[in-house]
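Protein sequence lines, in the order shown, are assigned to chains A and B.
Under the working numbering, the first sequence has 53 at position 53, and the numbering climbs by one with no breaks.
Under the working numbering, the second sequence has 139 at position 139, and the numbering climbs by one with no breaks.
By construction, these hints were calculated from the structure, which means they are not laboratory data.
As the structure is a prediction and not an experimental result, all values here were calculated from the model.
Check the hints yourself; a few may be wrong.
What the hints assert, rightly or not - Simulated pairs of lysine to any residue, SDA-like, Cα-Cα distance not exceeding 20 Å:
#, chain 1, residue 1, chain 2, residue 2
1, B, K268, B, A82
2, B, K79, A, K111
3, A, K111, B, K53
4, B, K268, A, D288
5, B, K53, A, T259
6, A, K111, B, K268
7, A, K229, A, D140
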Amino acid sequence: MIGELSRRTPCLVQGATGRTGRAHVERMLAYGTNIVAGVSGRADVTEVAGVPVFGDCKAAVDATGAVASLAMVPPAGVFAAVENALAAGIRLIVTVAEGIPVHDSLRISRKVRAAGATWVGPSTPGLAVPGEMKLGFLPDVSLKPGPLAFMAKSGTLSYETGYRLASVGVGQSIWVGVGGDPVKGVRFADLLPLFLRDARTRGIVLIGEVGGSEEEEFADALAKADSSKPVYALVAGRGAKEGVSMGHAGALMFGDVGTFASKKKRLEAAGARVFASIDDLVSACRRDHA
Amino acid sequence: MLLIESDGKALFRAAGLRVPEGVVVGAIEEMPALAGAGPWIVKAQVPVGGRGKAGGVVRCDDAAAVRSVVARLLQSRIKGHAVQRCLVERAVQGSDEYYLSLMLDPAACAVRVALLREGGVEVEQAVATQRVRLCDPEPAAIAAAVRELASDEPNARQAAIADIGEKLAALFLARELMLAEINPLFFDAQGCIAGDAKVVVDLNALDRQPDIAALIERNAAIYPDAVRKLHDGFDYVEVDPDGEIGLVTTGAGLSMMLIDELTARGGKPLNFCDIRTGQLRGDPTRLMRVFEWISSRPNVRVVLVNIFAGITDLAEFAELLCAALERTPAIKVPVVARIVGNRFAEARAVLAQKRPDIAVEEALDRALGHVDRVLGRPHA
Chain A
1 MIGELSRRTP CLVQGATGRT GRAHVERMLA YGTNIVAGVS GRADVTEVAG
51 VPVFGDCKAA VDATGAVASL AMVPPAGVFA AVENALAAGI RLIVTVAEGI
101 PVHDSLRISR KVRAAGATWV GPSTPGLAVP GEMKLGFLPD VSLKPGPLAF
151 MAKSGTLSYE TGYRLASVGV GQSIWVGVGG DPVKGVRFAD LLPLFLRDAR
201 TRGIVLIGEV GGSEEEEFAD ALAKADSSKP VYALVAGRGA KEGVSMGHAG
251 ALMFGDVGTF ASKKKRLEAA GARVFASIDD LVSACRRDHA
Chain B
1 MLLIESDGKA LFRAAGLRVP EGVVVGAIEE MPALAGAGPW IVKAQVPVGG
51 RGKAGGVVRC DDAAAVRSVV ARLLQSRIKG HAVQRCLVER AVQGSDEYYL
101 SLMLDPAACA VRVALLREGG VEVEQAVATQ RVRLCDPEPA AIAAAVRELA
151 SDEPNARQAA IADIGEKLAA LFLARELMLA EINPLFFDAQ GCIAGDAKVV
201 VDLNALDRQP DIAALIERNA AIYPDAVRKL HDGFDYVEVD PDGEIGLVTT
251 GAGLSMMLID ELTARGGKPL NFCDIRTGQL RGDPTRLMRV FEWISSRPNV
301 RVVLVNIFAG ITDLAEFAEL LCAALERTPA IKVPVVARIV GNRFAEARAV
351 LAQKRPDIAV EEALDRALGH VDRVLGRPHA
């Protein structure tokens, strides 16, 4: 589903009538996203920025044919929002809320998998096909159509990297924020086949961080894949403190699990290049793709 | 977040698991007379793995040795953590040592159960062995996986493992744990005894886990980073109490990367910070809290602000920054502000007018150059 996204994909926004939801509906429309519906529990609001608002996803999908959803609801409401979207046949759901309990994410992820749908999140700024559409709040200044596919655990570090690359003329083919939580929907390794298949993509930028095993899983998948697309990686958190989450719930090391050294070693063994600084990554991408 | 062993064991006890008889000592004066015969094990209560290898677990044959080891450990640091407490336990003797753990497996979206017939291994080794089962996050499924892993044990031992497996599964799910590891797991005639407790809790679940929240509050000195998050609603982690560079940053990944890049240049960052500019909403309180924490550390020589504003209004942020600095006079060191994004020019004008002493840069490498100059290092 992620690989098929374009400016024509009909999308809905759950939680569209809240302060933040409304602001982002306007920004996404301005960017070109085909937002066909809003969903809200409020009966008194019937439209947001010219988009019709429905009481639930089923009504919105029936009336508009939306296939993707962005849920702009608080952490406690995410599970219900995902259930509502799945019941309406939504195939891709992006949830931006931070701070979802991990056991809730486990339940959500199992439910989405059972339904055969795709979940991006939690704790993600969203995704984009630069120049076409975006679902979420990836900043416009960092988005620019180009040859690099982005996958990132961190919003801000990817904004910074994308912004610097864009300013030297290197843009992105597709950009997916997978979020910084340990349990999530789409993971780095899930995106690899899609990025390898994607004709627009000539290189992959992986923005990882310490904690968990997602970078290692990606490295295993890369080692097995027949890929000629270079992988440029940053792994933040070399100086992170053990035993404590560094902002992201997933950025937690204990013992030898999830360390920088482990990730760097596995990524490099699979043929990826791991850079010590944002500047180094930008320079390498510029040399190869500008 | 990883709990110290004595807190992990408090959760174990409340769930009906048996742990060795022991006492927690925070100062040598608190050391009670030890009843009965040893030997004893003295364990530094620091929230890190690998304590044993780092010298934080010491076997003592008599009470005098216990006393001297406790006194020594309480003066020491283990893997960067000052030892504030020791757990003194009577050693469990003559038992086999096993390894049992329940862990959330994010890739499989399941619970990973591991049972090994040797203690002392690292969790990574454990998950690399065949003695693991993936199961649904349901009490019956976890208990069944534990029973199956123990199926080649003698009958009495099977029953003991099944019993602790059920209790541990109930605890793991009810308390929303990310890891519950017992290493070593001992046996006696009555069943299993948890020799250690490595428990990782989910700070995002504390709203519905009041017992764990209370545990953290009670031991605020051990978990300062978690307590800050509980009270102030954002992340600030002190990575080096002797650090020279105080960081005011937003975004976890970018903040971590900045720490790494500063360290690679020879700098000593004090802290990680994800202040979440999107949540400031016109209130300088969070910035003031960060400035208070930074100024409470003696070696800080410069404050570096790094904000990438995709959506945040930088001009509004600049106003808040000035307001927070004005109300935190304890910040006497130079401030370097690297800001980029939405309404940069307006923000620079605000800072130039209100705080001309602040070096304002749009490019990160130029801001890092200012930091180097303040610290008296040649620009790398």
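Going through the hints against the structure:
A threshold of 20 Å between alpha carbons decides the hint, and for K268(B) with A82(B) the separation of about 19 Å falls inside it, so the pair holds. A hinted pair counts as satisfied when its Cα atoms are at most 20 Å apart, and K79(B) with K111(A) does not qualify at roughly 41 Å. Our distance criterion of 20 Å between C-alpha atoms is broken by K111(A) and K53(B), whose separation comes to about 42 Å. Only pairs whose Cα atoms come within 20 Å are accepted, and K268(B) paired with D288(A) is rejected, the gap being roughly 34 Å.
Proximity of K53(B) to T259(A) is assessed by CA-CA distance (about 18 Å); at most 20 Å being required, the pair is judged to hold. Proposed proximity of K111(A) and K268(B) is contradicted: the alpha carbons are some 45 Å apart, above 20 Å. Proposed proximity of K229(A) and D140(A) is contradicted: the alpha carbons are some 26 Å apart, above 20 Å.
Hint compliance for this structure: hints 2, 3, 4, 6 and 7 are broken, all remaining hints hold.
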